[in-house]
Amino acid sequence: MHELMRHSAVEQAHLIRTGAVSASEMLEASLAAIERLNPPLNAVILSLAERARASLVDLPAGAPFAGVPLLLKDMLAEYGGTRMTEGSRFLQHYISPRDSELVARYRRAGFVIVGKTNTPEFASKPTTEPELFGKTGNPWHPAYSCGGSSGGSASAVAAGMTAAAHANDGGGSIRLPAAWCGLVGLKPTRGRNPLGPDYGDVGAGLICEHVVTHTVLDSAAILDCTAGADPGAPYCVAPPARPFAEEVGVAPGRLRIALSLSPLTGTPVHPECQRAAQAAAARLDALGHHVEVAMPQVSAEQFNDFFTTIWLAMVAWAIRDWARRTGRTPTREDFEAHTWKMFSFDAERRPSDLLLAIQDMQRMAREIAPFFARYDVWLTPTTTQPPQPLGWFDFDPQYPRQATERMSDLPRFTAVANITGQPAISLPLHWTPEGLPVGVQLMGRYAEEATLFRLAAQLEADAPWRARRPVVS
-18 MHELMRHSAV
-8 EQAHLIRTGA
2 VSASEMLEAS
12 LAAIERLNPP
22 LNAVILSLAE
32 RARASLVDLP
42 AGAPFAGVPL
52 LLKDMLAEYG
62 GTRMTEGSRF
72 LQHYISPRDS
82 ELVARYRRAG
92 FVIVGKTNTP
102 EFASKPTTEP
112 ELFGKTGNPW
122 HPAYSCGGSS
132 GGSASAVAAG
142 MTAAAHANDG
152 GGSIRLPAAW
162 CGLVGLKPTR
172 GRNPLGPDYG
182 DVGAGLICEH
192 VVTHTVLDSA
202 AILDCTAGAD
212 PGAPYCVAPP
222 ARPFAEEVGV
232 APGRLRIALS
242 LSPLTGTPVH
252 PECQRAAQAA
262 AARLDALGHH
272 VEVAMPQVSA
282 EQFNDFFTTI
292 WLAMVAWAIR
302 DWARRTGRTP
312 TREDFEAHTW
322 KMFSFDAERR
332 PSDLLLAIQD
342 MQRMAREIAP
352 FFARYDVWLT
362 PTTTQPPQPL
372 GWFDFDPQYP
382 RQATERMSDL
392 PRFTAVANIT
402 GQPAISLPLH
412 WTPEGLPVGV
422 QLMGRYAEEA
432 TLFRLAAQLE
442 ADAPWRARRP
452 VVS
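Note that this note's numbering has the sequence shown beginning at -18, numbered continuously upward.
These aren't lab readings, by the way, just hints derived from the structure by calculation.
Nothing here was measured: the structure is a model prediction, and the numbers come from that model.
Please note that the accuracy of each hint is not assured.
With a straight-line Cα cutoff of 16 Å, these simulated EDC-like cross-link-like pairs (lysine to aspartate or glutamate) come out [what the hints assert, rightly or not]: (1) K116 with D334; (2) K322 with D375; (3) K116 with D390.
DEER-style ranges, computed between Cβ atoms [said to hold, decoys possible]: (4) A222 with M276: 40 to 50 Å; (5) I76 with P414: 45 to 55 Å; (6) E282 with Q379: 43 to 53 Å; (7) V231 with M276: 20 to 30 Å; (8) S333 with E282: 17 to 27 Å.
Beta carbons are placed, not taken as given, at the ideal position from N, Cα and C, and that holds for glycine.
Make a model of the complete structure from these sequences and hints.
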């Protein structure tokens, strides 16, 4: 790892601001890291080196992250004049006509966009192995999955190509790869970050935008730069009482924390993932918090039904929306078999099925809400499995349901926060005996990212993880 890339984004910004290094030196360090580290991982699928160099001449003066390199996930975040594929052959020649509001805010904050990262087709899998660009490896073990759907971003940051990378999350796609790559991954409150101007709401509010980082402070400070509704947004979240970055280091007080080692669906959980949450619970207890085993009571069958319906609708919507935007007719040859199958399944459903699924999702959110009147934070494993080898999610004709079950089961803990709209953060607090990272999730009350940042920073100070380095770094 290049020495400058060992620094957090906040530290990189400070080095540039104080003149210790120039923005050009920081950029070249990132580009050199990508050139050296990307070949064994395949995390970055589009280099924007020349455009990044050209952008240095008009960095916004006084911006908090002026000159800090940033990677964009190749999904939703449009950067005008550059290709965006969302991992699909159907979009391999699409050029974004303008910046999305989120990217505009990154640029106003001074970030220098250096490239785009790999993602599964339309972010529809919890692993990053698209046919269009190929598989992305995990820096801790390149033959293992980095998770998904923001796997390219997580792999790149974990390896040290940049200190932060854009990511998005519709069922765990920030937190799953953060957990498998040893990073911090926050899914903010629904509506905290903008999706405009092209979207107001994606997937009935399931989708949120943010970043993956090495540190809690980076996650908080970047959220300070991007948070807030854009014109026409369907959700408006109350702004924080003070900048999120100022919460890092503030004592969280004695919190009531619920611990669950199994998800609402009762899906089996790997012992290493349970050990991770148990160890975190013991640590939190030692820090003075009240921790007890508890779980909301909801219908697992209902959970499976409505979440499947909404996800099938989202994939079908993505295909139809892009067909409309590009003026092209989608064909089977344009998509992976898994994606086309989801598209076909959706065609068998009635329009009212989606509205019923949304109703059931919102009902479950209301059923879970009283749980957070009793507890400040809900502690769980982030994933039901530790990192698995590349190909683990592949279709096997001998076991036709296995791939679908594995993809559905992995995000059982994370999907709850997408359903309720609440913030949740994954922290790298555990490693397997084989040296693979395992994440622990903290879920907070609606619009209370501040509590999560305080508690996450307390854990980061008590069990620091930045000194750990993956094999590829």
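Cross-check of the supplied hints:
1. K116 with D334: Distance ~34 Å between K116 and D334 Cα, so the pair is violated.
2. K322 with D375: It holds: about 14 Å lies between the C-alpha atoms, which stays within 16 Å.
3. K116 with D390: Violated, at about 21 Å.
4. A222 with M276: 40 to 50 Å: violated (30 Å)
5. I76 with P414: 45 to 55 Å: Check passed, 47 Å falls within 45 to 55 Å.
6. E282 with Q379: 43 to 53 Å: violated (27 Å)
7. V231 with M276: 20 to 30 Å: holds (29 Å)
8. S333 with E282: 17 to 27 Å: holds (19 Å)
Violated hints for the displayed structure, listed by number in ascending order: 1, 3, 4, 6.
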